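S.K.: Chains as they are written, first to last, in the working numbering: chain R, 1 to 279; chain X, 280 to 471; chain A, 472 to 662; chain L, 663 to 870.
Since the hints were made in silico from the structure, they are not lab data. Just so it is clear, the structure is predicted and the values come from calculations on it, not from any experiment. Some hints here could point you the wrong way.
Claimed, not checked - Calculated pairs, DSS-like style, for lysine-lysine (alpha carbon to alpha carbon, straight line, at most 25 Å):
no.: 1; chain 1: X; residue 1: 372; chain 2: R; residue 2: 153
no.: 2; chain 1: X; residue 1: 372; chain 2: A; residue 2: 484
no.: 3; chain 1: R; residue 1: 85; chain 2: L; residue 2: 730
no.: 4; chain 1: L; residue 1: 730; chain 2: A; residue 2: 488
no.: 5; chain 1: R; residue 1: 165; chain 2: X; residue 2: 312
no.: 6; chain 1: L; residue 1: 730; chain 2: R; residue 2: 153
no.: 7; chain 1: X; residue 1: 372; chain 2: R; residue 2: 150
no.: 8; chain 1: X; residue 1: 443; chain 2: X; residue 2: 372
no.: 9; chain 1: L; residue 1: 675; chain 2: A; residue 2: 484
no.: 10; chain 1: R; residue 1: 100; chain 2: R; residue 2: 165
no.: 11; chain 1: X; residue 1: 372; chain 2: R; residue 2: 31
no.: 12; chain 1: R; residue 1: 150; chain 2: X; residue 2: 313
no.: 13; chain 1: X; residue 1: 443; chain 2: R; residue 2: 165
no.: 14; chain 1: L; residue 1: 790; chain 2: A; residue 2: 488
no.: 15; chain 1: R; residue 1: 150; chain 2: X; residue 2: 440
no.: 16; chain 1: R; residue 1: 69; chain 2: X; residue 2: 312
no.: 17; chain 1: R; residue 1: 113; chain 2: R; residue 2: 100
no.: 18; chain 1: R; residue 1: 150; chain 2: X; residue 2: 312
no.: 19; chain 1: R; residue 1: 31; chain 2: L; residue 2: 730
no.: 20; chain 1: R; residue 1: 224; chain 2: R; residue 2: 206
no.: 21; chain 1: R; residue 1: 31; chain 2: A; residue 2: 484
no.: 22; chain 1: R; residue 1: 244; chain 2: R; residue 2: 202
What the hints assert, rightly or not - Just a few of them, taken from the derived set where beta-carbon distance is under 8 Å, the chain A residues facing chain X:
no.: 23; residue: 497
no.: 24; residue: 500
no.: 25; residue: 504
no.: 26; residue: 508
For each residue, glycine too, the CB sits at the ideal point set by N, CA and C.
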Amino acid sequence: MTTVIVYSVALLGGMGVLFGLILALASQVFKVETDERLEPMTEALPGANCGGCGFAGCGAFASAVLEGKAPINGCPVGGAPVAAKLAGIMGVEAGETVRKVAQVRCTGGGHDKLRYQYVGIHDCEAAVRLPGGTPMLCSFGCLGMGTCVKYCKFDALSIVDGVAKVDREQCVGCGACVAACPKHVISMVDYDCPIEIPCNSKAPGKEVTKACSNGCIGCNLCAKFCEAKAITVTDFLASVDPAKCTGCGTCVAKCPRKLISMVGGVAAVEEPAAPAAEG
Amino acid sequence: METIFAIALGAILVENYVLVQFLGICPFLGVSKKSDTAIGMGLAVIFVMALASAVTYLVQQLLILLDITYMQTIAFILVIATLVQLVEMFLQKAMPALYTALGVYLPLITTNCAVLGSAVLNTQEGYNFIESVAYGTFAGVGFTLAIVLFANVRERQEFCKCPKAFEGIPIALVSASLLALCFMGFSGLKVW
Amino acid sequence: MSETKAKVQFDGKYIAKLAITLLAITAVAALLLSVVYAQTKPVIDELAEQTKRESMAMVMAGATEFTPVEYTETEGVTDVNAAYNGTELLGYCVQTAPSGFGGTISMMVGVDTNGAVTGVSILSHSETAGLGTKAMTSEFLAQYTGRTGTITVKTGADTDINHISGATVSSRAITDGVNIALAFIAEGGVN
Amino acid sequence: MSGEAKNKPNLFKTLLNGIIFENPVMVLLLGMCPTLATSTSAINGVGMGIATTAVLIGSNLVISLLRKLIPSKIRIASYIVVIATFVTIVQLLLQAYIPSLYNSLGLFIPLIVVNCIVLGRAEAFASKNGPIVSLVDGLGMGLGFTLTLAIMGTIREFLGAGTLFGMQVYPNEFGAMLMTMPCGGFLTLGCVIAAVQFIRSRGKKGAK
């Protein structure tokens with residue numbers, strides 16, 4: 001019996017050594033010069049390869065950061081914790097990161113007011129190619145056919161009665177939907193901005209009232225009554241500067257179209273001076 | 280010469296590794312999203328299988344000589360693992376694009392049942408050196424045929440509307456079962 | 472290759488480390504394996520011997536002990552044992568390995584001294600369950616008992632073996648196995 | 663190990679993770695070959711599942727113990743040698759001491775070496791975590807695998823040969839032979855994964 005043991009140990013051990021040598025030699029010959037920090041860097045990144053940083057995946061982003069071609073806080077999905085980890089590995093101070101989240105600038109108010117009946121491939125990119133760019137009266141609104149839902153890797157977008165809705169907690173801010181939407185209705189906003197103005201229409205008031213139940217008509221009331229001067233109206237469309245906005249809620253009360261709303265659905269109290277609770 | 284032809288026919292069509300013998304399904308499902316990665320994977324598998332059958336044939340002779348054939352599995356899998364590691368290093372150096380495209384599925388070739396399956400079947404069938412190398416290569420070609428066919432099917436599937444629950448892998452599996460059904464048609468084709 | 476070698480510096484320590492780790496792992500694995508193998512080999516052999524004796528007894532009724540016998544190497548025959556009842560030779564148990572649908576079928580055919588089949592039993596197979604196995608039921612195998620010469624295959628005819636429709640490949644393989652055994656004995660393969 | 667309390671749910675979570683949330687076959691889509699090959703009958707499936715669980719536990723434990731010593735260039739080779747040793751030992755022990763189980767599973771045991779779950783978990787989990795967590799993960803994955811094989815085996819056996827755990831339920835002639843064939847395997851696995859995806863998506867919608 002001992003011969004069996006000796007033979008098997010000799011054979012397998014021999015093969016082990018032989019292959020170990022071959023692999024070692026091959027690893028020298030085929031040595032790919034990689035920065036040894038690349039391995040831990042790619043480990044620290046979330047690994048979703050979502051492309052939010054503009055590179056072809058976490059590996060590509062890590063090597064870009066190492067070559068200094070990308071900022072350390074370039075990973076929107078990872079945000080501050082990942083940036084801190086990368087800084088730790090690189091031994092450099094991490095820049096300040098602001099959490100971004102996607103916002104659909106349309107309430108779906110004009111969804112049922114149609115220019116013509118659209119029958120075709122249930123996809124925004126297809127519908128956009130038709131005359132007028134949309135079957136709806138409002139030429140700026142969300143078509144609600146779900147192209148963004150297909151592109152979102154984190155399942156944060158869904159179509160709810162004809163308009164795209166963002167799940168703020170699921171959304172990691174990778175920006176895939178912003179690029180995917182043919183009507184450019186989705187944009188990245190600060191997660192902490194207290195109010196949101198869900199409208200994308202630059203049409204004058206007369207047209208908007210025909211095309212949508214609560215589209216922005218550019219009446220300027222919100223801009224006039226905002227003490228912090230956070231809201232500016234350009235081309236009949238109000239937009240908010242997240243840095244200045246104090247979340248006081250006067251604009252929510254003042255808006256005749258009931259368009260502006262508090263983030264997180266906290267209804268602003270009627271009296272304008274009431275401190276709006278942080279959503 | 281005709282046994283080589285018979286082996287080729289058998290390995291590619293009649294006993295296709297993936298669709299008839301259930302070997303190598305994980306990369307078959309995992310890498311077949313795009314046909315160019317599928318071809319890349321197929322070629323890597325052919326290369327590994329051809330080399331593996333050659334080396335494992337020699338190892339088998341050694342095992343028989345020392346009369347420790349019980350070690351067949353572990354000796355074969357060691358050979359295959361080393362070969363795959365060599366292919367991985369070569370691809371990383373020579374073709375980084377294919378290397379990243381194959382991703383985790385390159386090391387998984389080692390556990391690819393098809394490769395070990397072909398090595399073990401070679402010894403069971405008692406093929407000589409040339410026949411076993413031919414068998415390994417043609418089994419790899421059979422694997423590539425199946426994976427490329429399947430990749431084209433899946434690429435067309437992206438645009439068809441299928442029930443929400445079936446999206447992704449389930450619809451791919453159902454189409455794989457239809458493919459397996461067609462390959463069963465070859466089973467009557469006994470040449471040798 | 473040679474000019475790249477000049478550029479590539481071989482860091483001996485790394486190569487040694489790799490080789491030694493792999494050696495250690497494979498050596499320990501081999502040691503472990505061979506010890507377990509040495510431990511279990513006798514038990515396995517004894518078990519295999521026992522199952523073989525059982526199947527031979529089933530095939531050659533009335534035989535008490537079996538002795539392995541030298542035989543001229545013929546294609547398809549893997550083992551031959553002579554069956555005795557005490558000292559009187561009853562016949563031979565020929566083990567054949569025809570190739571069926573799913574792979575080789577290893578079977579045992581009992582042939583008495585005047586060349587008639589005394590019984591057929593299947594040792595191992597990899598036919599498709601529920602289909603090929605239909606050709607391995609005892610009623611099907613019982614058809615072969617008492618047959619001599621070469622058995623021709625007809626589906627439905629009463630004289631010869633009627634095959635299971637749908638499992639023709641497996642049943643034909645088993646008939647081939649029996650024919651090989653009969654032919655082997657007829658040519659006096661046992662020396 | 664840091665505070666026991668912190669670790670206890672962590673272990674249970676890994677176990678549950680393997681069985682449901684990251685079921686090796688249904689979610690990670692690994693180990694397809696044995697799933698399709700051995701699920702022709704429920705007994706085969708469960709037997710294969712148990713043998714794979716034993717190997718998974720052993721290999722995860724040993725690999726996570728050795729993870730510091732093995733340089734990255736030969737990690738596949740060394741992991742696979744450890745796995746192959748375990749498989750061959752299980753095969754020899756079964757062949758010697760439990761021949762009945764070996765006869766029904768003989769062909770499938772060497773297949774465990776090439777089971778993608780074992781090497782997949784070794785490389786993805788065991789090489790990065792401590793021995794105890796890896797052991798529990800191996801157990802969880804093994805049970806998840808056995809559960810899937812049992813379900814698949816029962817469906818295919820019932821539809822294919824009309825038997826349930828061996829007892830004849832309806833006469834064999836009516837059985838759809840197709841189910842025990844390869845295409846039946848693909849079909850059943852496709853429908854089972856679709857059912858899982860349906861349940862998971864409804865669970866998520868309910869939660870939102």
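S.K.: Kindly indicate which numbered hints from before are broken by the structure, ordering the numbers from low to high.
M.R.: Going through the list in order, the structure violates hints 1, 5, 6, 7, 8, 9, 16, 17 and respects the others.
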